[in-house]
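Once you have looked at the hints, place chains B and C on chain A.
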Amino acid sequence: MLAQQLFNALVLGSVYALFSMGFTLTFGVLRVINLLYAFYVAAGAFLSLVAVRDFGVPLWAAGLFGAVGTGAIAVVCDTAVLAPLRRARAPELSSLIVTLGAALLLNSLMFLAFGAEVRRFPATLLSQAPIDLGLLQIGQIQLLIIAVVALLAALLFLFIERTRLGVAVRALAENPEAAALMGINVGVMFSGVSFLAAVLIAVAGILIGLNFDAVHPYMGEPLMLRGFAVVVIGGLGNIRGALVAGLALGFVEVMTAGYLSSNFKDAAGFAAMVITLWLRPAGLFGKAVTRRA
Amino acid sequence: MPQWLDDFLWAYGSFVYGLGVNAILGLSMYAVLALGQLSLGQAAFMGIGAYASAVLTVKFGVPFPLVLAAAMVAPAIAAMIISVPTLRLTGVYLAIATIGFGEVMRILYINTDYIGGALGLSGIPEKAGGPVIFGLLALILAGFLSATRSKIGRAFEAIREDEDAARAIGVNVAAYKLSALVVSAALAGLAGALNAHFSSFIGPNEYGFDAAVTILSYAILGGVTTPLGPVLGAVVLSALPEVLRPLHDFRLVFNGLVIVLVVIFLPRGILGVHTRRVG
Amino acid sequence: MSAPLLEVAAVTCRFSGLVAVDAVSFAVETGRIHGLIGPNGAGKTTLFNVISGLLDAGDGSIRFRERDITLLPAHARVALGLGRSFQNLRVFADMSVLENVLAGRHNRLKVPWPASVLRLPSARSEEKAAVARARELLATVNLVDKANALASSLAYGDQRRLEIVRALASDPMLLLLDEPAAGMNPTETAMLAELLRSVRGGGVTILLVEHDMNFVMGLCDRLTVLSFGRKIAEGTPKEVRADAGVIEAYLGAGDVARFLEGTQR
Chain A
1 MLAQQLFNAL
11 VLGSVYALFS
21 MGFTLTFGVL
31 RVINLLYAFY
41 VAAGAFLSLV
51 AVRDFGVPLW
61 AAGLFGAVGT
71 GAIAVVCDTA
81 VLAPLRRARA
91 PELSSLIVTL
101 GAALLLNSLM
111 FLAFGAEVRR
121 FPATLLSQAP
131 IDLGLLQIGQ
141 IQLLIIAVVA
151 LLAALLFLFI
161 ERTRLGVAVR
171 ALAENPEAAA
181 LMGINVGVMF
191 SGVSFLAAVL
201 IAVAGILIGL
211 NFDAVHPYMG
221 EPLMLRGFAV
231 VVIGGLGNIR
241 GALVAGLALG
251 FVEVMTAGYL
261 SSNFKDAAGF
271 AAMVITLWLR
281 PAGLFGKAVT
291 RRA
Chain B
1 MPQWLDDFLW
11 AYGSFVYGLG
21 VNAILGLSMY
31 AVLALGQLSL
41 GQAAFMGIGA
51 YASAVLTVKF
61 GVPFPLVLAA
71 AMVAPAIAAM
81 IISVPTLRLT
91 GVYLAIATIG
101 FGEVMRILYI
111 NTDYIGGALG
121 LSGIPEKAGG
131 PVIFGLLALI
141 LAGFLSATRS
151 KIGRAFEAIR
161 EDEDAARAIG
171 VNVAAYKLSA
181 LVVSAALAGL
191 AGALNAHFSS
201 FIGPNEYGFD
211 AAVTILSYAI
221 LGGVTTPLGP
231 VLGAVVLSAL
241 PEVLRPLHDF
251 RLVFNGLVIV
261 LVVIFLPRGI
271 LGVHTRRVG
Chain C
1 MSAPLLEVAA
11 VTCRFSGLVA
21 VDAVSFAVET
31 GRIHGLIGPN
41 GAGKTTLFNV
51 ISGLLDAGDG
61 SIRFRERDIT
71 LLPAHARVAL
81 GLGRSFQNLR
91 VFADMSVLEN
101 VLAGRHNRLK
111 VPWPASVLRL
121 PSARSEEKAA
131 VARARELLAT
141 VNLVDKANAL
151 ASSLAYGDQR
161 RLEIVRALAS
171 DPMLLLLDEP
181 AAGMNPTETA
191 MLAELLRSVR
201 GGGVTILLVE
211 HDMNFVMGLC
221 DRLTVLSFGR
231 KIAEGTPKEV
241 RADAGVIEAY
251 LGAGDVARFL
261 EGTQR
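Chains as they are written, first to last, in the working numbering: chain A, 1 to 293; chain B, 1 to 279; chain C, 1 to 265.
Extracted from the complex, chain A is given alone in its bound form:
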C-alpha cells in the first residue's frame, strides 16, 4: 500500500514539478507571474486532443504539436501584452494584472467555444492494463509521465547550466540591463523563454489530460494554484527549487489524502505556502527578496 502511495506521489509530483519549472522560469527571467499558464495547460491538452482525434496523428506527434503550438501562442501573448509594458517600464505588478486580464479573457473564450463538457483522449492510445509488480501497479501513462518529466527536467538543467544560450538566460534573469549591454538580444530571449516555459506547461497539460482522462477549459487552474505554492516553497525563480518542491507537494498531497482526509488535500499546498511565507519567505532555495518594512 505504501509503495503504491509513494509511486502515485512520484507521478503527481512530477507533473507539479514540470508545471512549476516553467512557471518559475518565467518569473526568474521575465519577472512576471504569468497567470495565462492555466490557459496554456488547457491549450496544450486541447491542441493535442484535436490532433489525435480529428487527424489521427500518433500520440508523440500530437504531443509535439500541442507543445509547440502552445509555445507559439505564448510568444504571441507575450508580444501583444507583456512587451508593451516592458517597453513602458511599467511597474512589475502591472504585468501581473495584465496577465490576469488576458487569462480571464482567453479562459472565458475557450469556455464559450468548447463548453464545460469533459473530453477524453481515445482509450486506445495507451495500454490501460497496468503492469503488476506485486507491491504496486504501474500504469503505462504513469510511466510515461515520469519518463517525460525526467527527460524534460534533465534537458532543462543541461540547457540552463551547460549551454551558452542557457548562460545568456541566466544573465538575463540576473540583470537585464547588463545582459543587453553585453550584446544579448533581450527581445528575442524573452520570446524564447516564453516559448520554452509554455512548452513545459503544455506538456504538463497533455500528461494531466492523459492521466486523469479529462480535458476541459478550466483544467489548468488547479495546477496553477499548486504552482503558486510550489514556486513559493521552492523559491521564486529557482528551477531546482521548483523541481524539489513539486515532487514534495505531490508527496504531501497523496499522504494527506491517504492518511488524513481526501477533501483537504487540495488545501495542503496552500497551507504549506503560508507556513513558508511566515517562516522562510525566500523558500527552500531562493534568495531572500526581503526589504526593511
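Treat each hint with caution, since some may be false.
[As the list claims (entries may be wrong)] Capping the alpha-carbon separation at 20 Å, the derived lysine to aspartate or glutamate pairs in DMTMM-like fashion look like this: (1) Lys265/A - Glu221/A; (2) Lys238/C - Asp212/C; (3) Lys287/A - Glu174/A; (4) Lys265/A - Asp7/B; (5) Lys146/C - Asp158/C; (6) Lys287/A - Asp212/C.
Think of the hints as simulated: they come from the structure by calculation, not from any bench.
Note that the structure is a prediction, hence the values are computed from the model and not measured.
Leaving out everything else, chains B and C in the frame of chain A:
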C-alpha cells in the same frame, strides 16, 4: 414610495442592489490598490463575510447590525494572518497568497456540510435593502474621499509611487499597508453580507478566481487616482452586460479585455485625473 | 563639548559577497556641514541608506542624538529628526509641488486618523498650519509660484530643490543630502551653497555626499573620505586636500601634480 419606483425595484431590485454592493467591492479594492498593493483576496473575503453573516442570521438569529459587524471582523482577521508575512516581501507574494487563499476557502465551503456544502446556503432572509446598501456606500465613499484629501491620501500616494522615499519622509509604510489590507478585507466582507441578505442564496463558487479578477477590473477601469474611480468602474462593468444584452454571455471576456486594454493604454484608468490632496 | 549628533561606529554592509561599506566610523558634530566624499563606487550612498534606515547594517552601530538607532525602522528615524534627499531624484511625480512638501511634513502631523477622516477642527487647523509652513519652505527656494504644478513638470534643478525642501519639511535636526548639486550649473550651485548655509544657520546639521570638489571645499567644515568602502581620510578640507592617499584614490598616482595645480584656484 411611488408606484413606479416600487415596480422598478421589484423588477430590477437585485440588479440595483448588486450595483451598490459592487461599488463597495470597488472601494475595497481601492483601499489596497491605492497603495500599490495587489491583493486578490476581495472575493474570498466577500465569501467569508457572506457565509459568516448567513450562518449568524439563519442559524443563530443574531440581529442584523451585529451580523454586519461580524462580517467585517472575520475577514479582517483572516487578512492579517495571510498578509502579515508578505509585508516585507515584494508585491507578487501578496498576489499569490491571496489568490491561493480564495481557492482554499472555496474548498472549505464545498466540504463543509454545515454551511450547505456544494449546494450552498439558501433561505437567507432579505434584510439588506436600498437604504442600508446605499447608505453604507455613501458613508464609506465619503470617508475615503475625506481621507484622500488629507495626510492619509498623501501617504497612500507616496507609498504607491516610491516606498523607500515614503519611508524617508517618515511614513510608516508597514502600518499603512497592513491597515489598508484590513480595511479592504472588512469592506469586502461587508459587501458579502449585504449581498447574501438580498439574494437570499449563496454558493461556494461565487467567490472564486473569476470574481476576484472581476473586482480588480472595476478598480483598473476606473483607476485609483480617486475613490470615485473604482465606484465608476464597478457601475460601468456591472451595468454594461445588463444594458447591452448580447454582451451578457461575454461578460467575463469583456472584463478581461478591459483589464488588458486599460493597463496597456490607459494606465491611470478612465478617470485618470489628478485629485487635490490638500485638505 | 557635547556628544556628536551622529556617530557611525564600525558600520559594515555587504551585498551578496561584495563588501560595500567596510567598518566605517565617523562622527558629525551639531551645527556642522559635514561632507562625505570619495570616488564613484566608494559606498557613500550605501552608507547613507544604512544611516537613514533603508538598508540594514551587517555590523556596527549608529547613534543619533545619543540614542542607538541601528535597529530603528526608517520612519522612526525621521520622527527623531533625520531627514534625507536622494541621489537619483525621487520626488513624487504624480503629486503637486505643494503636496510633495506637505508629504514631507507627514511625520509632524500628529492628529489621529479619525480626526483626519472626519475633518474635525483639530485636523483642519493642523493642515492649515502645515500648508503655511510648506509655502514658507517653497518660498526659500523660489518655488511658491509653482506650488500647484505637478512635480514631474518641473525643470531638473527645481525638482532637486523641491526634494531638499521636502526633506526640510519634517523639521529635521540632521539633513542627509545625497549629491544635492548633481547636474547643476555654477549659478545654481552657488545658490544651493547659500541655501545650505542658511539652513545650517537655522539650526540644522548637514551631512552631504558630493562630487563637485569646489562646492564641497567651499562649503564643508569637515570631510570624511571613503574609497572602496573604507574610510581613508578625515579632517578639514585643507587637510584632506593635501592628503596623498585621497589624491591617489581619486586620480591614481600619476595625476597628483595636475590635481594640486588645479586646486590652487
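Hints, verified against the model:
no.: 1; hint: Lys265/A - Glu221/A; in the structure: holds (16 Å)
no.: 2; hint: Lys238/C - Asp212/C; in the structure: holds (16 Å)
no.: 3; hint: Lys287/A - Glu174/A; in the structure: holds (12 Å)
no.: 4; hint: Lys265/A - Asp7/B; in the structure: violated (49 Å)
no.: 5; hint: Lys146/C - Asp158/C; in the structure: holds (10 Å)
no.: 6; hint: Lys287/A - Asp212/C; in the structure: violated (38 Å)
Figure legend: structure checked against the earlier numbered hints; hints not met, in rising order: 4 and 6.
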